[in-house]
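> Taken in order, these protein sequences are the chains called E and X. Start counting the first sequence at 1; every next residue gets the next number (this note's numbering). Start counting the second sequence at 1; every next residue gets the next number (this note's numbering).
Derived from the structure by calculation, the hints contain no laboratory data. Each hint should be verified, as a subset may be incorrect.
27 Å max Cα-Cα, derived BS3-like pairs, lysine-lysine [what the hints assert, rightly or not]: (1) X:106 with X:82; (2) E:353 with X:82; (3) X:82 with X:27; (4) E:30 with E:73; (5) X:60 with X:29; (6) X:82 with X:29; (7) X:60 with E:397; (8) E:12 with E:326; (9) X:63 with E:397.
Beta-carbon label-pair distances, calculated as ranges [as the list claims (entries may be wrong)]: (10) E:284 with X:66: 25 to 35 Å; (11) X:3 with E:292: 19 to 29 Å; (12) X:3 with E:298: 51 to 61 Å; (13) X:66 with E:327: 17 to 27 Å; (14) X:3 with E:151: 37 to 47 Å; (15) X:3 with E:149: 35 to 45 Å; (16) E:327 with X:77: 15 to 25 Å; (17) E:11 with X:77: 54 to 64 Å; (18) X:78 with E:134: 37 to 47 Å; (19) X:15 with E:127: 45 to 55 Å; (20) X:78 with E:20: 42 to 52 Å; (21) X:66 with E:342: 28 to 38 Å; (22) X:78 with E:44: 30 to 40 Å; (23) X:103 with E:122: 49 to 59 Å.
Ideal placement from N, C-alpha and C gives every residue a C-beta, glycine not left out.
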Amino acid sequence: MFLSEENMPKAKRIYMDHAAGRAVDARVIKAMSPYMASLRGNPSSVHSFGQEAKQALEEARTKVAELINAESKESIFFTSGATESNNMAIKGVAHRNQHQGRHIITSSIEHMSVLNPCKFLTTKGFKVTFLPVDQYGFVDLTNLEEELTSETILVSIMYANGEIGTIQPIQKISQMVHRKKAYLHVDATAANGQVPIDVSNEGIDLLTISSNDVYGPKGVGALYIKKGVRLEPLIHGGGQERGIRSGTENILGIVGFGKAVEISRAEMFTESERLKKLRDRLIKGLVGRIPHSSLNGHPSKRLPNNAAVRYSFIEGESILLDLDMKGVAASSGSACTAKTLEPSHVLRAIGLKHEEAHGSLLFTLGRRNTEEEVDYVIRIMPEIVERLREMSPLTPKELIE
Amino acid sequence: MGEIPDADGVGTVGNPVCGDMMTVHIKVKDNRIDDIKFKTFGCGAAIATSSMVTELAKGKTLKEAMKIGRSDVADSLGGLPKVKMHCSNLAADALHAAIEDYEKHKGTKR
């Protein structure tokens, strides 16, 4: 059932699942509206209608380039979102550069839209190394150094992990990768809009970002491709996006993306500081007041909006349902929410046992969350955990008494 | 929900590794399930099916209770998503395990 703002129940509803999806910012909707009402031209057309569309497209491209400090707007290619950008980067670079080598390195905690293209490439004669991570989720740099060979053409490491919040040392990784003359692709989907990303200074060759993560509309994203990096397109057709990504551009979505990026760039610093305070308050409240609970990920080198915790003896999804009944939306890293029954590969990769991974819970904060909401969640959690622990055959008897 | 301290039969199925584990305690009187309680570690569906199986089995003869199957539990809940049928399986299995435990120990002091 879809609840619009008007017929929303009076009861408290708190949304803390921003990693999964975000409401489009009202200012973005306002910027998109005139285009929705009157835009009809195709940006490839010569007439004035077409040129209006073209202008909107290029303005958005400039804004995206500015956000990540790209050398020029010509390095930004619009896509249908992060999944397409990741596929385009990995398969595109692999296919175009296979004469140089057929080895790719990635980490074991990447998003499925990185892991699965990499796995796919192993069926096409490529060799892929999936680097392990430590207990916080950091890629082991010594390990990376050892795995890099003259055969390595691409390394794909995420900027930050959405599930545990850990931010990777991208600049250090970049230096290693470039010493071996390989390309570095960075999936910044989770990090975008929360931490400043600078492709020029950090030495990033390809960067994935999406619109919804900066409160823009869903279904739009971009791939930054550094000048000189060669890749094969995934989609062939009319040669839009300089031949790299054919298909008439999603102008409306791109206009929204551009506005969202502009707002994000202006407000990121203040907003991230605000979120960090809320995050730390939430983590302290969720872990500090309940026995047998822990934080997932690193205490400080984590995304400003990410509070990932786990509770022993109980299962994440049952916690989610109890939270939902009290109006709070969060997420679990656990099996039952996904399409498979396996617990999250990220939580397994940081060394959690199956049962620990199953007890994990993820809160991702956003622009509209308040301190009052954080305190409400902290207040209701002990009772939920207690109830489910009473119900669980795994809870030690002395804990219930 | 809970345990029966002097239960006549106890059945435990599943394991925490796969994310679902249930224990069913039964008290038997005149070959009928006089009392039944569950404890569950698992997702919402696992808890719901555990609760439902205790509802379905209470007051039934042991023979009748053995016939309560996986699909009966799911149907009584108004159906379950395909991926959750695995949890649903466990609830009926835990009940059957508890009855088998009772049969095995019948007449012996526990």
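> Now, for every hint given, state plainly whether the structure supports it.
Results for each hint:
Using a Cα cut-off of 27 Å, the hinted pair residue 106 (chain X) and residue 82 (chain X) is violated, with the two alpha carbons roughly 37 Å apart. Between the alpha carbons of residue 353 (chain E) and residue 82 (chain X) the distance comes to roughly 26 Å, so the proposed pair stays at or under 27 Å and holds. Our distance criterion of 27 Å between C-alpha atoms is broken by residue 82 (chain X) and residue 27 (chain X), whose separation comes to about 32 Å. Between residue 30 (chain E) and residue 73 (chain E) the alpha-carbon distance is near 24 Å, which keeps this suggested pair within the 27 Å criterion.
For the proposed pair residue 60 (chain X) and residue 29 (chain X), the alpha carbon gap of about 11 Å is at most 27 Å, so the pair holds. Taken as a hint, the residue 82 (chain X) and residue 29 (chain X) pair is broken in the structure, with Cα atoms around 36 Å apart against an allowance of 27 Å. Note on residue 60 (chain X) and residue 397 (chain E): the hinted pairing is violated, with a Cα-Cα distance of about 30 Å set against a maximum of 27 Å. Proposed proximity of residue 12 (chain E) and residue 326 (chain E) is supported: the alpha carbons are some 8 Å apart, at most 27 Å.
Pair hint residue 63 (chain X) plus residue 397 (chain E) does not hold up; C-alpha atoms about 33 Å apart against a cutoff of 27 Å. Separated by about 51 Å at the C-beta atoms, residue 284 (chain E) and residue 66 (chain X) break the suggested range of 25 to 35 Å. Roughly 20 Å separates the CB atoms of residue 3 (chain X) and residue 292 (chain E), a value that falls within the hinted 19 to 29 Å. Between residue 3 (chain X) and residue 298 (chain E) the Cβ separation comes to about 40 Å, which falls outside the hinted range of 51 to 61 Å.
Separated by about 42 Å at the C-beta atoms, residue 66 (chain X) and residue 327 (chain E) break the suggested range of 17 to 27 Å. In this structure the supplied range 37 to 47 Å is violated for residue 3 (chain X) paired with residue 151 (chain E), their Cβ-Cβ distance being about 59 Å. At about 58 Å, the beta-carbon gap between residue 3 (chain X) and residue 149 (chain E) misses the expected band of 35 to 45 Å. Here the CB-CB span from residue 327 (chain E) to residue 77 (chain X) is close to 24 Å, well matched to the stated 15 to 25 Å.
The given range of 54 to 64 Å is broken by residue 11 (chain E) and residue 77 (chain X), whose C-beta atoms sit roughly 25 Å from each other. The hinted range of 37 to 47 Å is satisfied by residue 78 (chain X) and residue 134 (chain E), whose Cβ atoms lie roughly 45 Å apart. The given range of 45 to 55 Å is broken by residue 15 (chain X) and residue 127 (chain E), whose C-beta atoms sit roughly 36 Å from each other. A C-beta distance of roughly 26 Å is found between residue 78 (chain X) and residue 20 (chain E), which places it outside the suggested range of 42 to 52 Å.
Hint check: residue 66 (chain X) to residue 342 (chain E), Cβ distance near 32 Å, so the stated range 28 to 38 Å holds. Between residue 78 (chain X) and residue 44 (chain E), the C-beta spacing of about 52 Å breaks the proposed range 30 to 40 Å. The hinted window of 49 to 59 Å between residue 103 (chain X) and residue 122 (chain E) holds, with their beta carbons roughly 52 Å apart.
When each numbered hint is compared with the structure, violations occur for hints 1, 3, 6, 7, 9, 10, 12, 13, 14, 15, 17, 19, 20, 22.
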